[in-house]
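Q: Sequence:
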Amino acid sequence: MSHSSEAAAEPTPAHRSATVRKVMLRIMPLVLAGYIMAYVDRVNLGFAQLGMGPELGITAAAYGTAAAIFFIAYFIFEVPSNLLMEKFGARVWLARIMLTWGVITVCTGFITSIPMLYLLRFLLGVAEAGFFPGVLLYLTYWFRGRERATALGWLILAQPVAFVIGGVAGGLILDNVEWFGLSPWRWVFILTGLPTIVIGVLTLVFLPSSPATARWLTDSERDWIVRGVAAERGETGPRKHGMRDQLAALRDRRVLHLAAAHITFAIGAYGFNLFLPLVLKQINPEYSSTNIGLVSVVPYLLGGVALMVSSRIARNAAHQRMATLLPALVAGVGLSGVVLLRDDPSLALVAVSVTAIGLFAFLPPFWALVTGGLPSVYAAVGIAAINSVGNLGGFVGPYLVGQGAQGSQVTAGLVVPIIGFFVSAVLVLLWRSPRPTGPRSGDDVVSGAPPAGSA
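Each residue of the sequence shown is one higher than the one before, starting from 492 at the first, in my numbering.
Hints were generated in silico from the structure; no laboratory data involved.
Predicted, not measured: the structure shown is a model, and the values here were computed from it.
A hint or two may mislead.
As the list claims (entries may be wrong) - Quick list of simulated restraints, FRET-style, between CB atoms: (1) Arg718 / Pro520: 24 to 34 Å; (2) Glu501 / Gln894: 58 to 68 Å; (3) Thr603 / Thr709: 51 to 61 Å; (4) Ala509 / His810: 21 to 31 Å; (5) Ser837 / Phe601: 33 to 43 Å; (6) Leu673 / Ser837: 31 to 41 Å; (7) Trp670 / Met607: 14 to 24 Å; (8) Asp835 / Val796: 17 to 27 Å; (9) Ala509 / Phe671: 46 to 56 Å; (10) Pro520 / Leu685: 15 to 25 Å; (11) Val841 / Pro571: 40 to 50 Å.
Glycine included, every Cβ here is placed at the ideal spot set by N, Cα and C.
Please take these sequences and the hints and turn them into a complete structure.
A: Shown next, in the form of structure tokens:
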């Protein structure tokens, strides 16, 4: 038998499972590490504010602006970033993203004024733009629908893990680290930026851009992956699409509908997450920074469990819409409880946990709708556009929470995130898979069997 015919032979189920495990073990650790640090990088601002605010005179409104301005840059540069990743390759581009945002995070530890904070937060958004949609697109190179469900489920789990790590680390650093005469809040930025730089270097050295460049795959394994991914999309030739075809995603009503659901949910999610340390401080003013970090672990651990459950539910296409709708409602009810029960620390903490459960349970089925509902011709731009528009919620949510806060009463500003959760639930309720409007060659959806996903 010739070498080419051996490569084309269909592998046994055992061989297929072994290949998937090999790919998971080779690419997912770096991808997960990078994604964890992306969210640690967002958590660190909330904890740094506990010390940075009094030292630099940063009010809740100014903090909300600083948290929000990151997402303006993120929104502007996210779609171009995904297009550039396809041009330069995943290895180089994802490493570039991590190296630049790590350096900027470290530099944030040396700011001396509010304008400097605004500038570096904007530059951080420029640097980090495209990381999540780039990773999401990258996984479509390696996994078919059901396999990708598992990979994306693990990817989303990085979010609550990051909030746990960021919360514990942020609290401990604030209470214990004051090296070389630098304030503890400065070390929050420095010590969360350095690991990202290390991961960026490791990504540049070890992460393959695609199966074609993975030397650790055999010819038969590589051929099975490439043929399987292409067959799922109905593609018989190269997966390159013209710029005009890709940009048509920006006017596709599937993309617009899902982007609207994402931005309203993100208004709630970021309004809650980025202000959680300040909310916990208001609930119980006696909390130290370490107490706040440890208490914040509980809702995020529960959110992680809820995420894994919803990730499994999201594998069934028939359940995806309801599995997305209900968590949005749960998050809205939970955050309403935080506002109403803020004077009772115990009940308010229960409401915080309910909010986190709904928030994280929403993500896998939502991204299943995204990756399962877009044609492959729209993959790069559509995924980036939905995530990009959604991340504008990261501007609107924190900004309006900060503006709505009455003095130190941060919970007064949570009304906007609550509304965001409920509006998102309504939009998901109205979701129907429209008939494809793109080129016929792209009608095969991105994910075939719908996967769980991330945000």
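Q: Of the numbered hints stated previously, which ones are contradicted by the structure, given in increasing order?
A: Violated hints: none; all satisfied.
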